[in-house]
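Chemist: Okay, here's what each chain looks like letter by letter:
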Amino acid sequence: GENVEQHPSTLSVQEGDSAVIKCTYSDSASNYFPWYKQELGKRPQLIIDIRSNVGEKKDQRIAVTLNKTAKHFSLHITETQPEDSAVYFCAASHARGANNLFFGTGTRLTVIP
Amino acid sequence: KAGVTQTPRYLIKTRGQQVTLSCSPISGHRSVSWYQQTPGQGLQFLFEYFSETQRNKGNFPGRFSGRQFSNSRSEMNVSTLELGDSALYLCASSLRLAAYNEQFFGPGTRLTVL
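Heads up: the sequence lines are chains R and G, in that order.
Residue numbering for the first sequence is 1 to 113, as defined by my numbering.
Residue numbering for the second sequence is 1001 to 1114, as defined by my numbering.
Treat the hints with care, since some could be wrong.
20 Å max Cα-Cα, derived DMTMM-like pairs, lysine to aspartate or glutamate [to be verified]:
{"id": "1", "chain 1": "R", "residue 1": "Lys68", "chain 2": "R", "residue 2": "Asp84"}
{"id": "2", "chain 1": "R", "residue 1": "Lys22", "chain 2": "R", "residue 2": "Glu2"}
{"id": "3", "chain 1": "G", "residue 1": "Lys1013", "chain 2": "G", "residue 2": "Glu1075"}
{"id": "4", "chain 1": "R", "residue 1": "Lys58", "chain 2": "G", "residue 2": "Glu1075"}
{"id": "5", "chain 1": "R", "residue 1": "Lys37", "chain 2": "G", "residue 2": "Glu1075"}
{"id": "6", "chain 1": "R", "residue 1": "Lys42", "chain 2": "G", "residue 2": "Glu1052"}
{"id": "7", "chain 1": "R", "residue 1": "Lys68", "chain 2": "R", "residue 2": "Asp17"}
{"id": "8", "chain 1": "G", "residue 1": "Lys1057", "chain 2": "R", "residue 2": "Asp27"}
{"id": "9", "chain 1": "R", "residue 1": "Lys42", "chain 2": "R", "residue 2": "Glu2"}
{"id": "10", "chain 1": "R", "residue 1": "Lys57", "chain 2": "G", "residue 2": "Glu1075"}
{"id": "11", "chain 1": "R", "residue 1": "Lys68", "chain 2": "R", "residue 2": "Glu5"}
{"id": "12", "chain 1": "R", "residue 1": "Lys58", "chain 2": "R", "residue 2": "Asp27"}
{"id": "13", "chain 1": "G", "residue 1": "Lys1057", "chain 2": "R", "residue 2": "Glu2"}
{"id": "14", "chain 1": "R", "residue 1": "Lys57", "chain 2": "R", "residue 2": "Glu15"}
{"id": "15", "chain 1": "R", "residue 1": "Lys58", "chain 2": "R", "residue 2": "Asp84"}
{"id": "16", "chain 1": "R", "residue 1": "Lys71", "chain 2": "R", "residue 2": "Glu39"}
{"id": "17", "chain 1": "R", "residue 1": "Lys68", "chain 2": "R", "residue 2": "Glu15"}
Since the hints were derived computationally from the structure, they do not count as laboratory data.
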């Protein structure tokens, strides 16, 4: 089955700096890569996603890049703010006619004011 | 639109007991997936239901089962509880059964097994 690895497990940045979280996946058939943000005690929420036919996608301060050849994808957050502090999960999905996601182990991001 | 709801929010059980968790998807969503979240293993896929049929199953023992009703509400059951079943159980609903569909998570049910 699919195996998603995520690094780093923890990340601390100064407010205003950029943060980068990296994930690799094992199954070349994976074609959908969402990123979820989970604040303490809350449910995971989708912040951005990318399909395998796209190399990069941006949404304001958040961007995701995908390298299908190397089987890795990354989340970039620019101009970080304290409210960006949370656990971020990458995920991969590959099954046609299915929604099951394979998640990375999460990155705890702390933005220091 | 109301979001995904899960009941109960918290549950304490003892080893050997069984438990049933409930999930109500967003109105109009027909796919419901279940995930187990633990500090050590992260988020792991349990199973997915669409139109009252299990479409996918993760790598969990047969003690974990589920079902979906005609109104798309779903339940999952864990029998013969073990200490290692202590976790946050999240359900997620989606409009259709296909990749690329955003999954909306519920608040979860925190299960503690003593």
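Chemist: Can the restraint linking lysine 68 of chain R and aspartate 84 of chain R be considered satisfied, given a maximum Cα separation of 20 Å?
Modeler: violated (27 Å)
Chemist: Lysine 42 of chain R and glutamate 1052 of chain G: Cα distance at most 20 Å?
Modeler: violated (28 Å)
Chemist: Assess, step by step, whether the Cα of lysine 42 of chain R is no farther than 20 Å from the Cα of glutamate 2 of chain R, and give holds or violated.
Modeler: Measuring from Cα to Cα gives roughly 26 Å; hence the hint is violated.
Chemist: Assess, step by step, whether the Cα of lysine 68 of chain R is no farther than 20 Å from the Cα of glutamate 15 of chain R, and give holds or violated.
Modeler: With a Cα-Cα distance of about 31 Å, the restraint between lysine 68 of chain R and glutamate 15 of chain R is violated, given a limit of 20 Å.
Chemist: Lysine 57 of chain R and glutamate 15 of chain R were given as a pair; does the straight-line alpha-carbon distance stay at or below 20 Å?
Modeler: violated (23 Å)
Chemist: Is lysine 37 of chain R within 20 Å of glutamate 1075 of chain G, Cα to Cα?
Modeler: With Cα atoms ~25 Å apart, lysine 37 of chain R and glutamate 1075 of chain G exceed 20 Å; violated.
Chemist: Are the Cα atoms of lysine 58 of chain R and aspartate 27 of chain R separated by 20 Å or less?
Modeler: violated (24 Å)
Chemist: Is lysine 1057 of chain G within 20 Å of aspartate 27 of chain R, Cα to Cα?
Modeler: Since the Cα atoms of lysine 1057 of chain G and aspartate 27 of chain R sit roughly 18 Å apart, the hinted pair holds (cutoff 20 Å).
Chemist: Would you check the hint for lysine 71 of chain R and glutamate 39 of chain R, treating anything up to 20 Å between C-alpha atoms as holding?
Modeler: violated (27 Å)
Chemist: Is the straight-line distance between the alpha-carbon of lysine 57 of chain R and that of glutamate 1075 of chain G 20 Å or less?
Modeler: violated (36 Å)
Chemist: Between lysine 1013 of chain G and glutamate 1075 of chain G, is the straight-line Cα distance small enough, at 20 Å or below?
Modeler: Within the cut-off at roughly 17 Å; holds.
Chemist: With a cut-off of 20 Å on the C-alpha distance, tell me whether lysine 1057 of chain G and glutamate 2 of chain R pass.
Modeler: holds (14 Å)
Of the numbered hints given earlier, the model fails hints 1, 4, 5, 6, 7, 9, 10, 12, 14, 16 and 17; all others are met.
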